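Enquirer: If you're matching them up, the sequences are chains A and B in order. Anchor point for the first sequence: position 215 equals 215 in the working numbering, and the numbering is continuous, going up by one each time. Anchor point for the second sequence: position 104 equals 104 in the working numbering, and the numbering is continuous, going up by one each time.
Just so you know, not all the hints are guaranteed correct.
Stated by the list, open to error - List time: in silico EDC-like cross-link candidates among lysine to aspartate or glutamate, alpha-carbon distance up to 16 Å:
id, chain 1, residue 1, chain 2, residue 2
1, A, Lys86, A, Glu59
2, A, Lys38, B, Asp89
3, A, Lys251, A, Glu176
4, B, Lys86, A, Asp35
5, A, Lys86, A, Glu60
6, B, Lys166, A, Glu322
7, A, Lys86, B, Asp176
8, A, Lys25, A, Asp35
9, A, Lys213, A, Glu176
Simulated from the structure, these hints should not be mistaken for lab results. Just so you know, these numbers come straight off a predicted model, no measurement behind them.
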Amino acid sequence: MKPFHYERSSDVSSACAVAARPASKFVAGGTNLIDLMKLEIETPAQIIDINALPLGGIEETPEQGLRIGALVTNSALAADMNVRRKYPLLSQAILAGASGQLRNKATTGGNLLQRTRCPYFYDTTKPCNKRQPGSGCAALEGLNRMNAVLGVSDNCIAAHPSDMAVAMTALDARIETIAADGATRTIPIDGLYRAPGDTPNIETVLQPGELIKSVVLPPPPPGRQIYRKVRDRASYAFALVSVAAIVAHEKNHVQDARVAFGGISYKPWRSAQAESTLSGASLTRSSYDAAGTAALKNARGYGHNNFKIPLARRTLRAALAEVTGTI
Amino acid sequence: MKQSSDRPLGVTRRRVLEVGTIASALSFVRDPRLAQADTLSDAEASPNLVTVGLQINGRAHTLTLDPRTTLLDALREHLGLTGTKKGCDQGQCGACTVIVNGQRINSCLTLAVMHAGDEITTIEGLANDDGLHPMQAAFVRRDALQCGYCTPGQICSAVAVLAEHKAGWPSYATADIASEPMLTEAEIRERMSGNICRCSAYPNIVAAIRDVVEGDRT
Numbered sequence: 001m002k003p004f005h006y007e008r009s010s011d012v013s014s015a016c017a018v019a020a021r022p023a024s025k026f027v028a029g030g031t032n033l034i035d036l037m038k039l040e041i042e043t044p045a046q047i048i049d050i051n052a053l054p055l056g057g058i059e060e061t062p063e064q065g066l067r068i069g070a071l072v073t074n075s076a077l078a079a080d081m082n083v084r085r086k087y088p089l090l091s092q093a094i095l096a097g098a099s100g101q102l103r104n105k106a107t108t109g110g111n112l113l114q115r116t117r118c119p120y121f122y123d124t125t126k127p128c129n130k131r132q133p134g135s136g137c138a139a140l141e142g143l144n145r146m147n148a149v150l151g152v153s154d155n156c157i158a159a160h161p162s163d164m165a166v167a168m169t170a171l172d173a174r175i176e177t178i179a180a181d182g183a184t185r186t187i188p189i190d191g192l193y194r195a196p197g198d199t200p201n202i203e204t205v206l207q208p209g210e211l212i213k214s215v216v217l218p219p220p221p222p223g224r225q226i227y228r229k230v231r232d233r234a235s236y237a238f239a240l241v242s243v244a245a246i247v248a249h250e251k252n253h254v255q256d257a258r259v260a261f262g263g264i265s266y267k268p269w270r271s272a273q274a275e276s277t278l279s280g281a282s283l284t285r286s287s288y289d290a291a292g293t294a295a296l297k298n299a300r301g302y303g304h305n306n307f308k309i310p311l312a313r314r315t316l317r318a319a320l321a322e323v324t325g326t327i
Numbered sequence: 001m002k003q004s005s006d007r008p009l010g011v012t013r014r015r016v017l018e019v020g021t022i023a024s025a026l027s028f029v030r031d032p033r034l035a036q037a038d039t040l041s042d043a044e045a046s047p048n049l050v051t052v053g054l055q056i057n058g059r060a061h062t063l064t065l066d067p068r069t070t071l072l073d074a075l076r077e078h079l080g081l082t083g084t085k086k087g088c089d090q091g092q093c094g095a096c097t098v099i100v101n102g103q104r105i106n107s108c109l110t111l112a113v114m115h116a117g118d119e120i121t122t123i124e125g126l127a128n129d130d131g132l133h134p135m136q137a138a139f140v141r142r143d144a145l146q147c148g149y150c151t152p153g154q155i156c157s158a159v160a161v162l163a164e165h166k167a168g169w170p171s172y173a174t175a176d177i178a179s180e181p182m183l184t185e186a187e188i189r190e191r192m193s194g195n196i197c198r199c200s201a202y203p204n205i206v207a208a209i210r211d212v213v214e215g216d217r218t
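My request is simple: use the sequences and hints to build the entire structure.
Expert: Next comes the structure, spelled out in structure tokens:
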């Protein structure tokens with residue numbers, strides 16, 4: 001690990017001011033950052049420990065949604081009774097990720113900003129445009145089984161690893177931040193992540209020193225919720241493909257549907273195509289398959305991950321069948 | 001193993017292994033506080049040392065550390081608390097599990113300097129004057145190990161699983177996420193999935209945990 005200066009901050013504005021300096025990083029749970037620092041993939045000159053900042057707690061908003069502090073741990077969020085009753089897919093998604101030990105440290109803000117688990121990002125002997133801009137992408141022709149099939153570029157096919165963020169994307173979560181100059185803003189979660197394009201090293205729209213303060217969930221939309229994850233092991237494994245779905249239906253047809261996928265893109269992939277195909281559709285296997293076909297229309301496999309395209313369609317079908325009780 | 005008969009007088013098994021591995025006579029006289037350079041991938045001088053107070057197993061310790069020192073290395077290399085094991089050192093195996101402020105964490109993925117004032121319990125802190133912790137006794141009774149390397153992490157994790165369950169926390173195995181689940185075998189296996197056992201002693205680990213759960217219920 002490279003040497004760094006450690007600072008524990010107790011107020012938000014000074015934390016942001018320090019973090020705006022070059023080569024600075026916030027640390028909260030540290031479960032991803034410290035791992036990457038050991039491998040010298042992350043080499044901050046300075047880390048700002050934000051655990052003492054007043055960014056904890058889960059509170060109801062006036063609109064009957066929830067405001068989740070950035071430092072709320074994944075465990076605490078998944079166990080919160082309001083979340084379990086009103087946003088069960090969020091609890092399910094969080095509990096589908098990592099291990100008990102990791103969820104006890106990992107925070108809401110940190111989970112959103114965790115880095116990809118692409119094996120070439122981790123392997124410092126291989127080219128990776130995300131780790132070393134301009135060096136190339138070893139995953140394109142490599143073992144890309146875990147990589148993305150939608151929204152990526154020939155410079156980077158890394159997939160976003162979060163489960164929590166997929167559920168939050170289906171819920172239209174909003175990210176509240178504060179910048180080094182004290183300015184605050186709200187970013188829809190779907191606008192938080194930047195497509196890799198030519199600059200896969202820049203992953204979000206956050207500016208240097210900008211800190212996630214909280215995540216706001218609007219009131220839950222009508223309908224039943226589900227998070228379905230497909231992975232190599234039954235527990236403690238990243239998603240090959242996951243689906244977050246919220247479906248309101250009458251006896252025979254869908255009234256309103258929300259669909260987001262995990263494991264297939266650089267971000268949690270909200271599918272407007274699947275949603276519009278499902279709107280008003282009958283509760284049948286052919287409707288679910290049509291939604292999957294629409295969602296994956298522009299998908300492209302890179303060899304080892306070709307299987308993700310039919311797997312995503314089938315996972316969506318299974319999720320829709322389960323959430324509508326039409327298995 | 002004839003290791004014990006080869007053991008020089010007064011030298012622990014761990015020290016013998018160190019000598020064998022590092023092939024250095026210095027290991028015999030090395031102060032554990034000087035071991036830091038071995039545990040860092042970079043021997044560069046640190047820009048700043050940090051003094052931190054840690055509460056470990058009910059005792060206060062003050063350490064002056066390179067901020068790069070993980071909690072795991074602080075326990076093992078600076079305080080001689082070698083019950084906590086280093087397996088993968090990247091949060092995948094659970095051998096380094098300790099309990100911090102009542103919650104289990106991977107001590108390899110956190111910096112010691114981030115734990116000023118925290119209450120840390122390691123495997124060494126579970127037994128008391130009355131004997132083994134019930135979870136330790138259950139592991140012995142059920143023979144819930146083979147090589148034993150993962151066992152301190154398994155036991156710390158299992159103790160915390162029971163507390164998480166008492167607090168009403170659900171798991172991915174919980175069918176109705178808003179319910180208060182029973183600690184069934186499926187629940188225990190899911191909740192313990194962050195602790196890997198290379199010898200695959202899982203059936204007896206689950207049995208030991210179930211014994212403690214059932215003992216608590218009666």
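Enquirer: Does each hint hold? Answer for all of them.
Expert: Evaluated hints:
A hinted pair counts as satisfied when its Cα atoms are at most 16 Å apart, and A/Lys86 with A/Glu59 qualifies at roughly 13 Å. Among the hinted pairs, A/Lys38 with B/Asp89 is consistent with the structure: their alpha-carbon atoms are about 9 Å apart, no more than 16 Å. About 39 Å separates the Cα atoms of A/Lys251 and A/Glu176, which puts this hinted pair outside 16 Å; it is violated. Between B/Lys86 and A/Asp35 the CA atoms are separated by roughly 14 Å; this keeps the pair inside 16 Å, and the hint holds.
About 12 Å separates the Cα atoms of A/Lys86 and A/Glu60, which keeps this hinted pair within 16 Å; it holds. A hinted pair counts as satisfied when its Cα atoms are at most 16 Å apart, and B/Lys166 with A/Glu322 does not qualify at roughly 30 Å. The hinted pair formed by A/Lys86 and B/Asp176 meets the criterion: a straight-line CA distance of about 13 Å does not exceed 16 Å. Proximity of A/Lys25 to A/Asp35 is assessed by CA-CA distance (about 14 Å); at most 16 Å being required, the pair is judged to hold.
At roughly 6 Å between alpha-carbon atoms, A/Lys213 and A/Glu176 fall within 16 Å of each other, so this suggested pair holds.
Going through the hint list in order, the structure does not satisfy hints 3 and 6.
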